[in-house]
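Please put together the full structure from these sequences, using the hints given.
Sequence order for the protein chains is A and B.
Residues in the first sequence are numbered from 1 upward in steps of one, following our numbering.
Residues in the second sequence are numbered from 1 upward in steps of one, following our numbering.
It cannot be assumed that every hint is accurate.
What the hints assert, rightly or not - Straight-line Cα separation of at most 30 Å, DSS-like style, residue types lysine-lysine; simulated pairs:
no., chain 1, residue 1, chain 2, residue 2
1, A, K345, B, K282
2, B, K183, B, K171
3, A, K260, A, K169
4, B, K280, A, K337
5, A, K171, A, K133
6, A, K119, A, K176
7, A, K332, B, K332
8, B, K179, A, K280
9, B, K337, A, K280
10, B, K280, A, K332
11, A, K63, A, K260
12, B, K222, A, K280
13, A, K330, B, K280
14, A, K332, B, K330
15, A, K347, B, K169
16, B, K282, A, K347
17, A, K119, A, K171
18, B, K179, B, K330
19, B, K347, A, K280
20, A, K282, B, K282
21, B, K282, A, K337
22, B, K347, A, K282
23, A, K65, A, K47
24, A, K282, B, K337
25, A, K282, B, K225
26, A, K337, B, K330
27, A, K330, B, K337
28, B, K282, B, K74
29, A, K332, B, K225
30, A, K282, B, K332
31, B, K332, A, K330
32, B, K282, A, K330
33, A, K119, A, K72
34, B, K330, A, K330
35, A, K74, A, K47
36, B, K282, B, K332
37, B, K45, A, K345
38, B, K74, A, K280
The set of hints was computed from the structure by calculation and includes no laboratory data.
Given the structure is predicted, the values throughout are model-derived calculations rather than measurements.
2 protein chains.
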Amino acid sequence: MYGVIMAGGRGTRFWPSSRKENPKQLLNIIGNETMLQMTVDRLQKMKNVDDVFIVTGEDLAPKIKKMIKGVKPKNIIVEPSGKNTAPAIALAALRIRELREDAIMGVFPADHMIVGAQKFAKTVRSAIQLANKNESLVTIGIEPTYPATGYGYIQYDRNSPEDYLNGFKVKTFAEKPHKELAKRFLDSGDFLWNGGMFVWKVDTFFNQLKSHMPDLNDQLGKIKKRIDDKQNWSRLWNNIEPESIDYGLMEKSEHIYVVKAEFNWNDLGSWDSVFEVSPKSKGQNVVRGDGVIMDGENNFIQSNGHFTAVVGASNLVVVNTPDATLIIPKDKVEDVKSLVAYLEKHKRNDLL
Amino acid sequence: MYGVIMAGGRGTRFWPSSRKENPKQLLNIIGNETMLQMTVDRLQKMKNVDDVFIVTGEDLAPKIKKMIKGVKPKNIIVEPSGKNTAPAIALAALRIRELREDAIMGVFPADHMIVGAQKFAKTVRSAIQLANKNESLVTIGIEPTYPATGYGYIQYDRNSPEDYLNGFKVKTFAEKPHKELAKRFLDSGDFLWNGGMFVWKVDTFFNQLKSHMPDLNDQLGKIKKRIDDKQNWSRLWNNIEPESIDYGLMEKSEHIYVVKAEFNWNDLGSWDSVFEVSPKSKGQNVVRGDGVIMDGENNFIQSNGHFTAVVGASNLVVVNTPDATLIIPKDKVEDVKSLVAYLEKHKRNDLL
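So this is what it looks like as structure tokens:
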């Protein structure tokens, strides 16, 4: 399998730590390595991974080449502009098809937390077997633990003959549900979270792309020709309609399987997820860096070289960086996006 | 009148802005000058002020000499150690008695906000007249506007013959009351807040000191002799029992008058008082420095060169300095003292 890591996002929900030039995947959100480096290492350690690619934008590519160990510079695939996941994955698939007609590719987000490297490898092995066996698009699904409204869901057929591989035929993809629907999904027992991880043979992928995203497939064909002729292909790329792989392909194709993840997963979508996965001290507080919490519970402090004190308050997220401080209640962390929008509107490029 | 400014305090409640070497009176809490400089200027502008003295500790004296304009270096009276207000005031009185037997002295805290310089001067003039006329200790009282539990109260006789000076005979001094009692004080209409400002003739003061604080008076006598002999008097000073002027003298003496302040006063006791006196923006928020408040009300942000964002939270005080951040609900600002105690216990001298 060729591993493809999607590293084009900005991760604005991790402001003020995440910035345009230092997005979430390049932060040490957990542990001592960046999220991207951990993702690279996880793949490189797997026996059945032949090589690892990173798809990212022009702004981040130089930094990634410099920072990330274990990926050849030529394996950094640069999108001329962000077009969401479907075009990015297709671009990587183009490259991989050049290497081997019957190649298998696995697509992984750069910025998710995965605990249990061996279980991860085992899950991916099942997905590879299934992708080979059934000529299908295989996604890795996460057993839900609560009625999350922040993830897409995958409904699967419990009686699939592939369950020996922990693999199941997918019935439907569902967009992020509201709370009530999420509860019904959870209760039904046949929904998984969509973790944004995919495994397939490149030729299966292109067949499906041709059926369900013919425009993108055509554009890709033209781009390939330009690349082969060593011509600039940015303009062709820039004309592509942005689309997610979930909406463009996975929700439309009939040939989808899901493998249940056996590993521990968290998408670290925002500061509250970091709180969730962090070890707690007294009062269920988390203090990362120099700081103290007095007379308060369920607070999360992250401070960078700046002593941070929360006194008499609870359920707060406080993040300190050398030039900015964020204070937001834990149940409102999604609103960091509005703050970043405010900073953009006010042209605070010093803080973006 | 000789003005004596009490500038020995630490103002721990203004942490992280206030530090041992940069206490509240040396901060620009409101306006562009330090609280101490504003206090000096207010007195120097009064026609009937002959000279201004500052009483402070050894640690702050050099800095005050350097920073403060309008006070002669020899008028900085240095206490060898902090002994609360009674000994500090007595030490200043010693010095002033040297200048003129019949001198009047006025004692003023270094760190209170006073709006209305002319009204202030008028109130002090009344206090001087009363001090001369009645050979009494005159205090300046503040008309209470709410049942504060953070101030001492002064009960006065509404039918004093000195009311043409806005002056009244004092019945009792009351320590900081609990909420219910404070309400009763307010309802009764014959209580004022004790603003810690005093005016008296030095010989009246020493007569009263002799009656009510004979030990301190004796020690002062010995200290005066040492000073006259140009001997070191630190050891004598260090043996003095600390005592406040309120408890030691004002509550015990029968010869107390109060003049009602006509000026606008705020002791700026903690961050919430600064919030109170600050102009508010939308949502009754206050942002001093670089920062923003989104989707929240009644917040106070003070940031020093550090963009500070509060999103989705209300009633918070957030103070950012180059090395520390404090987050505390507005109704708990008194607890800053506990935080400073924590820092002392943990020997965080970098933050004290």
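Is the hinted pair K345 (chain A) and K282 (chain B) satisfied, with a Cα-Cα distance of at most 30 Å? holds (19 Å)
Within a Cα-Cα threshold of 30 Å, do K119 (chain A) and K171 (chain A) meet the stated pairing? holds (25 Å)
Check the hint pairing K282 (chain A) with K332 (chain B) against an upper bound of 30 Å on the C-alpha distance. holds (21 Å)
Is K171 (chain A) close enough to K133 (chain A), meaning Cα to Cα at most 30 Å? Holds: K171 (chain A) and K133 (chain A) sit about 19 Å apart, inside 30 Å.
K347 (chain A) paired with K169 (chain B) [C-alpha distance capped at 30 Å]: violated (62 Å)
What's the verdict on K179 (chain B) and K280 (chain A), does the C-alpha distance respect the 30 Å limit or exceed it? It is violated: about 38 Å lies between the C-alpha atoms, which goes past 30 Å.
When you check the alpha-carbon spacing of K183 (chain B) and K171 (chain B), does it fall within 30 Å? holds (18 Å)
Take a quick look at whether K65 (chain A) and K47 (chain A) sit within 30 Å of each other, Cα to Cα. With Cα atoms ~24 Å apart, K65 (chain A) and K47 (chain A) stay inside 30 Å; holds.
Are the Cα positions of K282 (chain A) and K282 (chain B) separated by 30 Å at most? violated (37 Å)
Between K332 (chain B) and K330 (chain A), is the straight-line Cα distance small enough, at 30 Å or below? holds (20 Å)
Do the alpha carbons of K63 (chain A) and K260 (chain A) lie within 30 Å of each other, as the hint requires? violated (34 Å)
For the pair we were handed, K119 (chain A) and K176 (chain A), check the Cα-Cα distance against 30 Å. holds (27 Å)
Violated hints, listed in ascending order, are 8, 11, 12, 15, 20, 25, 28, 29, 37, 38; each of the other numbered hints is respected by the structure.
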